[in-house]
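Protein chains: 2
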Amino acid sequence: MEGNNLSKKINAYDIAKVAHVSPSTVSRVLNHKNNVNLITAQKVEEVIKKLEFKRNKDKNTAKIILLNIPDLSNTFYADIIEGIKAAANANQYHLLIDQTDLGNTDIQHFMNLVRRLQISGLITFKQLSLSILNRLSSIIKVVQCNEFNPASDLPYVTINDYSAAKDATIQLLRTGKRNIGLINGPKSFRYAYERERGFKDALKEYNISTTKEWLISLPAIKYEIALPIVSQLLSAQPHPDAFFCVSDTLGAAVINAAQKYRLRVPADIAVIGFDNTMISQIITPPLTTVNQPRFQIGYSSVELFKNFDHKNRHLQLETEFIVRNSI
Amino acid sequence: MEGNNLSKKINAYDIAKVAHVSPSTVSRVLNHKNNVNLITAQKVEEVIKKLEFKRNKDKNTAKIILLNIPDLSNTFYADIIEGIKAAANANQYHLLIDQTDLGNTDIQHFMNLVRRLQISGLITFKQLSLSILNRLSSIIKVVQCNEFNPASDLPYVTINDYSAAKDATIQLLRTGKRNIGLINGPKSFRYAYERERGFKDALKEYNISTTKEWLISLPAIKYEIALPIVSQLLSAQPHPDAFFCVSDTLGAAVINAAQKYRLRVPADIAVIGFDNTMISQIITPPLTTVNQPRFQIGYSSVELFKNFDHKNRHLQLETEFIVRNSI
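Same order as they appear, the protein sequences are chains A and V. Heads up, the first sequence is in my numbering, so the first residue is 1 and it goes up one at a time. Heads up, the second sequence is in my numbering, so the first residue is 1 and it goes up one at a time.
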């Protein structure tokens with residue numbers, strides 16, 4: 001399957017070319033999405049079938065990419081997975097998701113599994129220790145997605161958490177708010193560390209000292225964990241007049257806690273979320289947030305396997321500040 | 001690994017007994033959850049280590065259960081997966097998630113994969129044709145989760161979609177509403193068929209004929225697909241004064257579309273969702289919904305593998321009507 005055969009060269013772009021459609025349409029057909037015009041889908045399927053003839057030979061030994069995602073409850077991952085799926089389909093990888101918590105488990109067990117399943121590539125979503133990364137990369141290609149270990153040279157795709165958080169906090173400061181709280185995730189995550197750093201540096205630029213009691217690090221990104229903690233903060237005097245939250249789920253908790261205390265958003269409490277998930281749109285008022293290019297993060301992670309030994313393998317993708325009605 | 005060895009007998013309940021904690025605490029420790037008291041976690045870990053000695057022998061050949069979940073964007077699945085994880089850990093299965101769309105793909109390819117990965121059990125989440133189920137079950141134990149094919153005798157865990165939908169619609173009718181719309185998912189799903197049947201029968205009981213234009217079947221359970229369609233319904237005259245939605249995500253779309261037209265919920269538009277996901281709590285007003293025992297559905301699916309050839313292998317778990325503020 002490693003050979004220099006023709007089938008390696010067929011990808012979504014080739015199919016798109018022959019079918020006279022866009023590569024993203026081909027991806028949607030390959031992923032069996034419903035939002036493709038039926039006639040277009042048939043046309044693409046015909047082209048796929050033509051080219052399929054060659055691909056079929058590889059099917060028994062399709063390369064498998066394993067995604068290690070310990071927690072699927074955050075919808076944030078779903079869009080990244082869509083990007084990974086599209087790239088996997090385009091490159092004829094098969095995708096499997098594993099939920100082993102690699103930082104807290106018998107790594108040998110996992111390595112045995114990787115060998116037994118003949119996995120070709122592993123995508124990790126948590127920052128792992130250098131020793132674990134070294135052991136894993138001794139038997140398999142590893143790409144780090146979102147979270148990465150800066151001490152390792154392994155490829156990664158990420159965003160600039162520090163400046164995204166700093167910029168968002170400065171937006172809060174520009175509205176005149178001065179009592180700003182941070183609702184953060186578990187400190188074991190690199191993003192949590194980096195966003196707290198960005199948050200603090202923004203306050204420093206405005207000569208504001210951080211209030212320790214308003215720097216919250218939750219054990220998990222869960223609405224039901226955040227709600228009582230934010231409520232408690234808001235019931236005290238003085239309380240924050242703004243929050244930077246590292247997830248839209250947490251931003252939704254702030255908005256609903258404020259409502260409970262009849263505090264108006266954004267007049268009394270301004271809120272910024274993170275991720276631009278569906279929650280930021282359905283909450284009232286809609287949540288100002290930071291968009292991560294989730295599909296692209298996923299797609300790029302898979303692409304990194306293709307040029308695994310190239311130099312440019314540390315990707316930092318751009319975030320986007322999305323203004324809605326919560327600041 | 002099939003043998004009658006002692007390790008088979010160790011499960012979460014045994015560990016719980018020795019550690020003097022509840023089985024759910026053991027599950028949380030096994031799943032590396034953060035919401036366990038540290039001292040308790042250490043105590044449990046010690047007991048696990050003691051028993052682990054026996055389990056280690058099995059690790060190289062751990063039985064693998066494959067979950068086939070084509071779409072992970074619905075948070076509904078996350079809680080089911082948590083239940084599956086807890087049961088898998090308790091029974092020393094390893095869990096993998098596969099996203100192959102079995103209804104729309106080359107089944108031989110998937111069967112080759114199952115063989116190659118030496119999968120012990122497969123849990124499906126979509127209703128598959130009898131021929132596909134027969135082919136799969138010729139090489140592997142198959143348990144159907146949520147969706148099932150009634151023509152097959154394979155085990156399943158499900159809820160009574162028909163009566164859950166009928167009961168919910170009757171709740172709407174009892175509030176005095178008479179112009180009721182249905183926002184449904186793709187007709188290819190059994191739940192969609194059954195819930196529509198329940199919806200229609202409820203209307204029949206009140207001698208109300210269904211309005212065809214108000215029976216919406218969406219190509220996917222997506223907020224952004226539902227929003228414009230519900231908006232269009234609400235902009236017409238006459239428009240529905242109530243909606244039964246087969247998902248909380250769709251219920252959220254109804255609430256926000258109503259808000260756009262300055263229609264009050266529930267006075268002008270009453271709404272019932274389905275699933276009791278986080279969305280039903282964060283939307284304003286909070287959504288009346290139907291709770292599915294998601295954790296239990298997942299847990300039971302795995303348990304079915306243990307007594308695979310027993311008689312009682314068609315489980316229908318109870319739903320619960322959750323009254324909030326949208327009716």
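Be a bit skeptical, because a hint or two may be false.
For lysine to any residue, the following SDA-like pairs were computed, each having C-alpha atoms within a straight-line distance of at most 20 Å [as the list claims (entries may be wrong)]:
hint	chain 1	residue 1	chain 2	residue 2
1	V	LYS63	A	LYS212
2	V	LYS187	A	VAL36
3	V	LYS49	A	TYR223
4	V	LYS63	A	ASN112
5	V	LYS63	A	HIS109
6	V	LYS50	A	ILE107
7	V	LYS222	A	PRO286
8	A	LYS222	V	PRO293
9	A	LYS187	A	LYS212
10	V	LYS222	A	ASN74
11	A	LYS222	V	THR105
12	V	LYS222	A	ASN112
13	V	LYS63	A	THR284
14	A	LYS49	V	LYS222
15	A	LYS49	V	LEU102
16	A	LYS222	V	PHE295
17	V	LYS50	A	ASN74
18	A	LYS63	V	LYS43
19	V	LYS260	A	THR284
20	A	LYS260	V	THR284
21	V	LYS260	A	PRO286
22	V	LYS63	A	LYS49
23	V	LYS43	A	ARG28
24	V	LYS222	A	GLN108
25	V	LYS63	A	PRO286
26	V	LYS63	A	ARG28
27	A	LYS63	V	LYS49
28	A	LYS63	V	LYS222
29	A	LYS222	V	SER73
Cβ-to-Cβ under 7 Å is the rule here; a few derived chain V residues that face chain A [as the list claims (entries may be wrong)]:
hint	residue
30	VAL47
31	LEU51
32	ALA78
33	LEU102
34	HIS239
35	LEU263
36	THR284
It should be emphasised that the hints constitute simulated quantities derived from the structure, not laboratory data. None of the values given here were measured: they were computed from a predicted structure. Note that beta-carbon positions come from the ideal geometry of N, C-alpha and C, so glycine has one too.
Checked hints:
{"no.": "1", "hint": "V:LYS63 with A:LYS212", "verdict": "violated (48 Å)"}
{"no.": "2", "hint": "V:LYS187 with A:VAL36", "verdict": "holds (17 Å)"}
{"no.": "3", "hint": "V:LYS49 with A:TYR223", "verdict": "violated (33 Å)"}
{"no.": "4", "hint": "V:LYS63 with A:ASN112", "verdict": "holds (13 Å)"}
{"no.": "5", "hint": "V:LYS63 with A:HIS109", "verdict": "holds (13 Å)"}
{"no.": "6", "hint": "V:LYS50 with A:ILE107", "verdict": "holds (18 Å)"}
{"no.": "7", "hint": "V:LYS222 with A:PRO286", "verdict": "holds (17 Å)"}
{"no.": "8", "hint": "A:LYS222 with V:PRO293", "verdict": "holds (19 Å)"}
{"no.": "9", "hint": "A:LYS187 with A:LYS212", "verdict": "holds (15 Å)"}
{"no.": "10", "hint": "V:LYS222 with A:ASN74", "verdict": "holds (16 Å)"}
{"no.": "11", "hint": "A:LYS222 with V:THR105", "verdict": "violated (36 Å)"}
{"no.": "12", "hint": "V:LYS222 with A:ASN112", "verdict": "violated (39 Å)"}
{"no.": "13", "hint": "V:LYS63 with A:THR284", "verdict": "violated (46 Å)"}
{"no.": "14", "hint": "A:LYS49 with V:LYS222", "verdict": "violated (30 Å)"}
{"no.": "15", "hint": "A:LYS49 with V:LEU102", "verdict": "holds (17 Å)"}
{"no.": "16", "hint": "A:LYS222 with V:PHE295", "verdict": "holds (17 Å)"}
{"no.": "17", "hint": "V:LYS50 with A:ASN74", "verdict": "violated (34 Å)"}
{"no.": "18", "hint": "A:LYS63 with V:LYS43", "verdict": "violated (41 Å)"}
{"no.": "19", "hint": "V:LYS260 with A:THR284", "verdict": "holds (12 Å)"}
{"no.": "20", "hint": "A:LYS260 with V:THR284", "verdict": "holds (12 Å)"}
{"no.": "21", "hint": "V:LYS260 with A:PRO286", "verdict": "holds (13 Å)"}
{"no.": "22", "hint": "V:LYS63 with A:LYS49", "verdict": "violated (35 Å)"}
{"no.": "23", "hint": "V:LYS43 with A:ARG28", "verdict": "violated (49 Å)"}
{"no.": "24", "hint": "V:LYS222 with A:GLN108", "verdict": "violated (40 Å)"}
{"no.": "25", "hint": "V:LYS63 with A:PRO286", "verdict": "violated (46 Å)"}
{"no.": "26", "hint": "V:LYS63 with A:ARG28", "verdict": "violated (33 Å)"}
{"no.": "27", "hint": "A:LYS63 with V:LYS49", "verdict": "violated (35 Å)"}
{"no.": "28", "hint": "A:LYS63 with V:LYS222", "verdict": "violated (31 Å)"}
{"no.": "29", "hint": "A:LYS222 with V:SER73", "verdict": "holds (17 Å)"}
{"no.": "30", "hint": "VAL47", "verdict": "violated (16 Å)"}
{"no.": "31", "hint": "LEU51", "verdict": "violated (14 Å)"}
{"no.": "32", "hint": "ALA78", "verdict": "holds (4 Å)"}
{"no.": "33", "hint": "LEU102", "verdict": "violated (10 Å)"}
{"no.": "34", "hint": "HIS239", "verdict": "violated (21 Å)"}
{"no.": "35", "hint": "LEU263", "verdict": "violated (14 Å)"}
{"no.": "36", "hint": "THR284", "verdict": "holds (5 Å)"}
The structure fails to meet hints 1, 3, 11, 12, 13, 14, 17, 18, 22, 23, 24, 25, 26, 27, 28, 30, 31, 33, 34, 35 from the earlier list, while all remaining hints are met.
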